[in-house]
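Asks: Chains A and B supply the protein sequences, listed in that same order. Using the working numbering, the first residue of the first sequence is number 1, and each one after it goes up by one. Using the working numbering, the first residue of the second sequence is number 1, and each one after it goes up by one.
Hints were generated in silico from the structure; no laboratory data involved. Beta carbons are placed, not taken as given, at the ideal position from N, Cα and C, and that holds for glycine. It is possible that some hints are incorrect.
[To be verified] Simulated restraints, written as ranges between beta carbons of each label pair:
| no. | chain 1 | residue 1 | chain 2 | residue 2 | range |
| --- | --- | --- | --- | --- | --- |
| 1 | A | Gly38 | B | Ala333 | 58 to 64 Å |
| 2 | B | Arg292 | A | Asn194 | 25 to 31 Å |
| 3 | B | Leu90 | A | Lys153 | 39 to 45 Å |
| 4 | A | Glu24 | B | Lys163 | 49 to 55 Å |
| 5 | B | Gln404 | A | Gly381 | 55 to 61 Å |
| 6 | A | Glu24 | B | Asp172 | 57 to 63 Å |
| 7 | B | Asp93 | A | Asp93 | 57 to 63 Å |
| 8 | A | Asp82 | B | Ala342 | 55 to 61 Å |
| 9 | B | Thr413 | A | Ala281 | 39 to 45 Å |
| 10 | B | Val417 | A | Pro22 | 46 to 52 Å |
| 11 | B | Asp128 | A | Ala189 | 39 to 45 Å |
[Claimed, not checked] With the Cβ distance kept under 10 Å, some of the chain A side facing chain B (calculated, not the full set):
| no. | residue |
| --- | --- |
| 12 | Ile23 |
| 13 | Ile25 |
| 14 | His77 |
[Stated by the list, open to error] The calculated SDA-like cross-link candidates involving lysine to any residue, where the alpha carbons are at most 20 Å apart (straight line), are:
| no. | chain 1 | residue 1 | chain 2 | residue 2 |
| --- | --- | --- | --- | --- |
| 15 | A | Lys37 | B | Thr68 |
| 16 | B | Lys415 | B | Gly381 |
| 17 | A | Lys289 | B | Gln9 |
| 18 | B | Lys322 | B | Gly30 |
| 19 | A | Lys289 | B | Pro22 |
Protein chains: 2
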Amino acid sequence: MPTVLDRRQQLMGSATLFYEQPIEIVRGDGVLLYDNKGNEYVDMYNNVPCVGHANPRVVEAMTQQMSTLNVHSRYLHQGILDYAERLLNLHHDGLENIVFACSGTEASEIALMTARVATGGQGIICTDATYHGNSSEVRNMSIAGNSNFPQHKHYRAIPFPQKYRPLQAGLDDDALCNLYLDKVRAAIADFEANNTPFAGMFVCSIFANEGLPEVPGQFMAKATEIVHAAGGLIIADEVQAGFCRSGDFWGYETNGFRPDIVCMGKPMGNGLPLAAVAASADSIDAFRKSSRYFNTFASSPLQAAVGMAVLDEIESRDVLQKSSAVGEYLRQALYALQPAHAMMGDVRGCGLFTGIEWVKENNEPDRIGAVAMANKLKDKGFLLSNAGALGNVLKIRPPLVFEQKHADRFLDTFKTVLNNG
Amino acid sequence: MPTVLDRRQQLMGSATLFYEQPIEIVRGDGVLLYDNKGNEYVDMYNNVPCVGHANPRVVEAMTQQMSTLNVHSRYLHQGILDYAERLLNLHHDGLENIVFACSGTEASEIALMTARVATGGQGIICTDATYHGNSSEVRNMSIAGNSNFPQHKHYRAIPFPQKYRPLQAGLDDDALCNLYLDKVRAAIADFEANNTPFAGMFVCSIFANEGLPEVPGQFMAKATEIVHAAGGLIIADEVQAGFCRSGDFWGYETNGFRPDIVCMGKPMGNGLPLAAVAASADSIDAFRKSSRYFNTFASSPLQAAVGMAVLDEIESRDVLQKSSAVGEYLRQALYALQPAHAMMGDVRGCGLFTGIEWVKENNEPDRIGAVAMANKLKDKGFLLSNAGALGNVLKIRPPLVFEQKHADRFLDTFKTVLNNG
Chain A
1 MPTVLDRRQQ LMGSATLFYE QPIEIVRGDG VLLYDNKGNE YVDMYNNVPC
51 VGHANPRVVE AMTQQMSTLN VHSRYLHQGI LDYAERLLNL HHDGLENIVF
101 ACSGTEASEI ALMTARVATG GQGIICTDAT YHGNSSEVRN MSIAGNSNFP
151 QHKHYRAIPF PQKYRPLQAG LDDDALCNLY LDKVRAAIAD FEANNTPFAG
201 MFVCSIFANE GLPEVPGQFM AKATEIVHAA GGLIIADEVQ AGFCRSGDFW
251 GYETNGFRPD IVCMGKPMGN GLPLAAVAAS ADSIDAFRKS SRYFNTFASS
301 PLQAAVGMAV LDEIESRDVL QKSSAVGEYL RQALYALQPA HAMMGDVRGC
351 GLFTGIEWVK ENNEPDRIGA VAMANKLKDK GFLLSNAGAL GNVLKIRPPL
401 VFEQKHADRF LDTFKTVLNN G
Chain B
1 MPTVLDRRQQ LMGSATLFYE QPIEIVRGDG VLLYDNKGNE YVDMYNNVPC
51 VGHANPRVVE AMTQQMSTLN VHSRYLHQGI LDYAERLLNL HHDGLENIVF
101 ACSGTEASEI ALMTARVATG GQGIICTDAT YHGNSSEVRN MSIAGNSNFP
151 QHKHYRAIPF PQKYRPLQAG LDDDALCNLY LDKVRAAIAD FEANNTPFAG
201 MFVCSIFANE GLPEVPGQFM AKATEIVHAA GGLIIADEVQ AGFCRSGDFW
251 GYETNGFRPD IVCMGKPMGN GLPLAAVAAS ADSIDAFRKS SRYFNTFASS
301 PLQAAVGMAV LDEIESRDVL QKSSAVGEYL RQALYALQPA HAMMGDVRGC
351 GLFTGIEWVK ENNEPDRIGA VAMANKLKDK GFLLSNAGAL GNVLKIRPPL
401 VFEQKHADRF LDTFKTVLNN G
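Using the sequences plus the hints, can you model the full thing?
Replies: Below you can see the structure in the form of structure tokens.
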């Protein structure tokens, strides 16, 4: 009898997996997950089921719509328009039109094409430790699986802005910010020197994959000015940052800038494949006209109904305020642990998204230590993972309905593991 | 009060739409759709809801799974393995491993990457009237929105094989087939001359977008030999062709060849975003290792449960046999109309997929006539569309649960419109 792991290898090849001893999850309920042996886990990792695993309102909306109608978008349907309007009303005024898709990768593709058709340029600035999706084009600005990144002439990677491991030590906040801005200026100059017309800058609004760094100065607001002055557009990837994750509804609010194009994804449909891109009416229309874009499964009555139910849950359960408060509560407790636990080199985050940078002496990054912590915590019933440019950041990003009681439960175990290994 | 059409333009820009007077569909049931005014339509276009709009078994599976668990694939889950195994068992033996995705575009991306990593080549042959998706890379082999196609050095387009408008008149079947095969040989030679290592040939198994042509000789079997001899792989796009559409379970069976890589999509989830790529274990594993591919929404318990329900419906309702029979019944009735209606230049197809090539005198393609027919038939309660390389092919591709009574109802109206305009 082959194990489930053998069977997986046999049918799917070397697909990526979490944990040294992977777990077989069979049921979810709110922020709790259960494995095939009946073990309970507090989910402190999954941002997709933002309003909780098996959320009844979402299930009901899905069932209702699926038993009524689900067709493609070349017929008219009010549901998708109501949802589009509601989403756009949650954004700043410059984001006027929307395109729906099925995944963050598809949203990144649309955003790239929109920026390029709107500017007539090709050159895109990204960071050196990012991930925006898995298509051939989007992979050009993703570090995963790219040993020599970025290689494509249309991309330049800048060092991501951070205070914990700054590009240069001893600078004050504004000087450090300016050093990172110089990298933006240099990338634009380099595109110009290579006759690659500039299209814009593509970043996660809170630099989640980079390890959720504390950003020096007004980096994003100032980078936006620089990019605009060079004729480029700012593309904010809100796939991880958006939908109340960052303590604001959008990560671009948290990091204080106003993007021209926004990608949305993961939590939008609480697990239903659903993503979107918003931009100015002119930009979206230019994209649509140049591409005749059509997406079989997107802009559907099903996506609309489920997306609406997620927004209903977020609003009716006061998710923004509550998740921000519990995130802050958790961080305060973690700050308090730092003095006695030198391996917790940096605790940082926003909203219900926290990173703990795991270090050895002299702040040397300790990826192995972070991975070991994730495995130990898993064995004790708490699911999280490691992330960040150096893989040494414990990533705490639970469903948004995570409560103080779950934080307390986690903190008890976390302290035990810290003290006893 | 803005109309729904104005509102759509205002929120979504110039998104693509069907019909001169677009319709607002509010409900579906089996092969029937209903608009906001209560009008009933027989759906003769949609292949996605293959086992019928609002299929109860699919809705039940979706509801059940969504209220139990839906998480990403970095945990273990038996459901996705059972589904993977069942899908692979429906294919020929050389297709051993599978990667799940959310859309046909994502499947095309995976297939391209897999062919390239498996061969070490880049050059891809496609046809000159195809569409395989909307990402930056996949668009290189799609005619939609590409005025000057293909431009990219990694792609060569061959004339799609057909008998109705053959590349050269007066040839017998084998000679015509060989003429099209010469184009494959020439493309391979051209890649070689330009130092572009060859990766393979990417085609819809039944050339659906090309207008569902009758293919001369054993074109695909022989093209497969030629491609293999040059070190390339054959990628079959089964997104339209697969899941019993063509009269066999897979279009590659209908057109008599054995692909190395297969893309699946549209009907797989009856409307849930679900797609997949199957290939040899070595090819898939090489792809996974080179890319560290991960897809947030794919390979999920939800996709597995819904995909299983679709296969259950297909098997328990004997969809393959029944849909093939009704497709053949419909074509026979259409053949009988041809002698008295010269505009029906060619009637062709396989399974429950039929094209009627609309022509003027001397077989001149009549796109305007085909579009007018689609609009008239819509006004009388039958939804279909035009397609094909020249846009003059009436495309009849109903849900697979379309029955003889629906065909009869359509034929009555079709004859009336033919005779009275």
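Asks: Could you run down the list of hints and mark each one as holding or not?
Replies: Hints versus structure:
no.: 1; hint: A/Gly38 / B/Ala333: 58 to 64 Å; in the structure: holds, 59 Å
no.: 2; hint: B/Arg292 / A/Asn194: 25 to 31 Å; in the structure: holds, 29 Å
no.: 3; hint: B/Leu90 / A/Lys153: 39 to 45 Å; in the structure: holds, 43 Å
no.: 4; hint: A/Glu24 / B/Lys163: 49 to 55 Å; in the structure: holds, 53 Å
no.: 5; hint: B/Gln404 / A/Gly381: 55 to 61 Å; in the structure: holds, 58 Å
no.: 6; hint: A/Glu24 / B/Asp172: 57 to 63 Å; in the structure: holds, 59 Å
no.: 7; hint: B/Asp93 / A/Asp93: 57 to 63 Å; in the structure: holds, 58 Å
no.: 8; hint: A/Asp82 / B/Ala342: 55 to 61 Å; in the structure: violated, 47 Å
no.: 9; hint: B/Thr413 / A/Ala281: 39 to 45 Å; in the structure: holds, 40 Å
no.: 10; hint: B/Val417 / A/Pro22: 46 to 52 Å; in the structure: violated, 59 Å
no.: 11; hint: B/Asp128 / A/Ala189: 39 to 45 Å; in the structure: holds, 41 Å
no.: 12; hint: Ile23; in the structure: holds, 6 Å
no.: 13; hint: Ile25; in the structure: holds, 4 Å
no.: 14; hint: His77; in the structure: holds, 7 Å
no.: 15; hint: A/Lys37 / B/Thr68; in the structure: holds, 16 Å
no.: 16; hint: B/Lys415 / B/Gly381; in the structure: holds, 14 Å
no.: 17; hint: A/Lys289 / B/Gln9; in the structure: holds, 12 Å
no.: 18; hint: B/Lys322 / B/Gly30; in the structure: holds, 15 Å
no.: 19; hint: A/Lys289 / B/Pro22; in the structure: holds, 19 Å
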